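Engineer: For reference, the chains in residue letters:
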Amino acid sequence: MTVQALDPRRVAGKIILTSLTQAGRLSLFVGESARAVAEWKIWVPRAMTEAYHIGVGSLFIVIVVSAFTGAVTAFQASYQFQASLPIYIVGTLIVESVILELGPVLTGLILAGRVGARWAAELGTMRVTEQIDALDSLGRSPYSHLILPRIVAGVVMVPVLTVVSDVVGIVAGLLAGLNAMPLLTPTDFMQGAIYYYRPFDGYYSVIKGFAFALAITVIPCYVGYNAEQGAEGVGKATTRAVVATSVVILFLDALLAKILLSS
Amino acid sequence: MIHLEGVRKAFGSQVVLKDVDFDVKEGETVALLGPSGTGKSVTLKTIIGLIRPDAGTVLVDEENVWTLDRAGLKQMRQGIGYVFQYGALFDSISVFENIRLGLTDETQYGDLKFAEDRVVECLRLVNLAPEVAKKMPGELSGGMKKRVGIARAIAGRPKYLLWDEPTSGLDPMNADIIDALITRLDDELGVTSVVVTHDVRGAFRVADRVALLMEGEIVLQGTPAEFIASDHPKVRAFLERDRDTSHFAA
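So the sequence lines, in the order shown, correspond to chains H and D. The numbering of the first sequence is the working numbering, which starts it at 35 and goes up by one. The numbering of the second sequence is the working numbering, which starts it at 20 and goes up by one.
I should point out that these hints are in silico values taken from the structure, not numbers from a laboratory. Hints are not guaranteed to be accurate.
Once the Cα atoms are required to be at most 27 Å apart in a straight line, the calculated DSS-like pairs of lysine-lysine come out as [unchecked claim]: (1) D:Lys132 with D:Lys154; (2) D:Lys132 with H:Lys75; (3) D:Lys93 with H:Lys75; (4) H:Lys48 with H:Lys270; (5) D:Lys253 with D:Lys44; (6) D:Lys132 with D:Lys93; (7) D:Lys37 with D:Lys132; (8) H:Lys75 with D:Lys153; (9) D:Lys132 with D:Lys178; (10) D:Lys178 with D:Lys44; (11) D:Lys253 with D:Lys93; (12) H:Lys75 with D:Lys44.
Derived Cβ-Cβ restraints for the label pairs, each shown as a range [said to hold, decoys possible]: (13) D:Lys153 with H:Trp74: 24 to 32 Å; (14) H:Trp74 with D:Asn83: 31 to 39 Å; (15) D:Phe133 with H:Glu266: 36 to 44 Å; (16) D:Phe133 with H:Val71: 21 to 29 Å; (17) H:Glu266 with D:Glu116: 12 to 20 Å.
Note that the structure is a prediction, hence the values are computed from the model and not measured. A virtual CB, placed ideally from N, CA and C, is assigned to each residue, including glycine.
Using the sequences plus the hints, can you model the full thing?
Structural biologist: What follows is the structure, encoded as structure tokens:
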């Protein structure tokens, strides 16, 4: 490595140029996907198939993770519970934790790994085996055939899975709470749940689901679509897609909390 | 007619095409020969607009491929069938659906009866049984995948066929079958073909004219007889190397 390569100005310049290039290419990618909306006869049937794969295929893992998360939240609540606090607070704690944070974020991270990795690998393989070039060569848009169906399917199904995760997490939290805290009754739990619950909390959870869905769909599709040659290129694309999506989900989580909850 | 003039293409610091001038006339079959990695496939992809050259002109039917708008590029591509090196079949859909995608006319694509008939016809043209249509690409051998790729390329009745290494990776018997298929399809369909290959024997068998691409430039264009008679040192070196390799393989 030369001394020039270590020059901070060069490194900074390279990072800025790479970031701007990627941002530009991502914008074009999103623009081309939006343009493909007109070809609805092509993408609608494919989107339904993808939606089925995401929804049914991810349901089990989402239920398992949500159930354990709700249960662990209840166990921690019982461990930290102070006798000076009213017991219905347990219901508040579990419901608000699950709806505002744990349900959407964990669902997002699970789907980033399960769906995002799969799509990045699929599209990357299609790129390196010239299947995407083949579509182009036939005068067909890869965006209406491959990209838009995945984005639409994700944007529909991720919020649905988020709601499922919320419900399962709360029910598991209730059952675990009843088991861990003999003094807690379902009535107390419901009282706590309703007392501090605002309808906006549910909307917030779904809004997060939509925001995460965009990250889970657009980033892996973009990274896979632009995969470099060979098996190594597909492997790198898959890893990059999962890492980038996970980081963006956490970033969006903080951003949405700041924007929507601070007020 | 396909016309390339002064085409240059570099990937990073690696210059693949320096200055390519290349012509294909109506109805003829031209083989683009050259060692691996000399930019033959890149040349082919610039013709159909899959790779944008850094400089130069690419004309198809006197239309500059790289100044066409979106609709024009789509229309131009619909007149060209591209046979990919490894078939490039979509492995999540059946052979029928793969070939049906080649029906570039949306009305024909949407007419299931027409599509079924056309798929069977295309399979017949590439010597495959109609039952193959029901199979998934993963169930096919390498040679069959190539033939399905050809069937997809001809499904839309293109005016031009671009063949990217049609015989690479095949045993000599299957390579001969594909060579015979190229000749037969050119005759039966009346298409204009560009065949990219490093197989000299196959190129001489199928082509009306041969062009040799070496070190980013077309070294020679001519009939197979002119090619063999050429005393150009690069042509001689390429032919000698092929002969040596053939002996080694034998």
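Engineer: All the hints need checking, so say for each whether the structure fits it.
Structural biologist: These are the hints, each one checked on the structure:
1. Of the supplied pair hints, the one linking D:Lys132 and D:Lys154 holds, its CA atoms being roughly 19 Å apart against a limit of 27 Å.
2. At most 27 Å may separate the alpha-carbon atoms for a hinted pair to count; D:Lys132 and H:Lys75 meet this at roughly 18 Å.
3. For the proposed pair D:Lys93 and H:Lys75, the alpha carbon gap of about 18 Å is at most 27 Å, so the pair holds.
4. With a C-alpha separation of about 20 Å, the suggested pair H:Lys48 and H:Lys270 falls inside the 27 Å cut-off, and the hint holds.
5. Note on D:Lys253 and D:Lys44: the hinted pairing holds, with a Cα-Cα distance of about 25 Å set against a maximum of 27 Å.
6. For a cut-off of 27 Å, the pair hint linking D:Lys132 to D:Lys93 stands: about 25 Å separates their Cα positions.
7. A threshold of 27 Å between alpha carbons decides the hint, and for D:Lys37 with D:Lys132 the separation of about 48 Å lies outside it, so the pair is violated.
8. Taking the CA atoms of H:Lys75 and D:Lys153, the gap is about 23 Å. The hint holds against a cut of 27 Å.
9. Of the supplied pair hints, the one linking D:Lys132 and D:Lys178 holds, its CA atoms being roughly 24 Å apart against a limit of 27 Å.
10. Of the supplied pair hints, the one linking D:Lys178 and D:Lys44 holds, its CA atoms being roughly 12 Å apart against a limit of 27 Å.
11. Distance check on the hinted pair: D:Lys253 and D:Lys93 sit about 38 Å apart at the alpha-carbon level, beyond 27 Å; violated.
12. About 38 Å separates the Cα atoms of H:Lys75 and D:Lys44, which puts this hinted pair outside 27 Å; it is violated.
13. Roughly 28 Å separates the CB atoms of D:Lys153 and H:Trp74, a value that falls within the hinted 24 to 32 Å.
14. Range check, H:Trp74 to D:Asn83: Cβ separation about 32 Å, and the 31 to 39 Å hint holds.
15. For the pair D:Phe133 and H:Glu266, the supplied restraint of 36 to 44 Å holds, since their beta-carbon distance comes to about 43 Å.
16. Our hint of 21 to 29 Å for D:Phe133 and H:Val71 holds, since their Cβ atoms are close to 27 Å apart.
17. The given range of 12 to 20 Å is broken by H:Glu266 and D:Glu116, whose C-beta atoms sit roughly 30 Å from each other.
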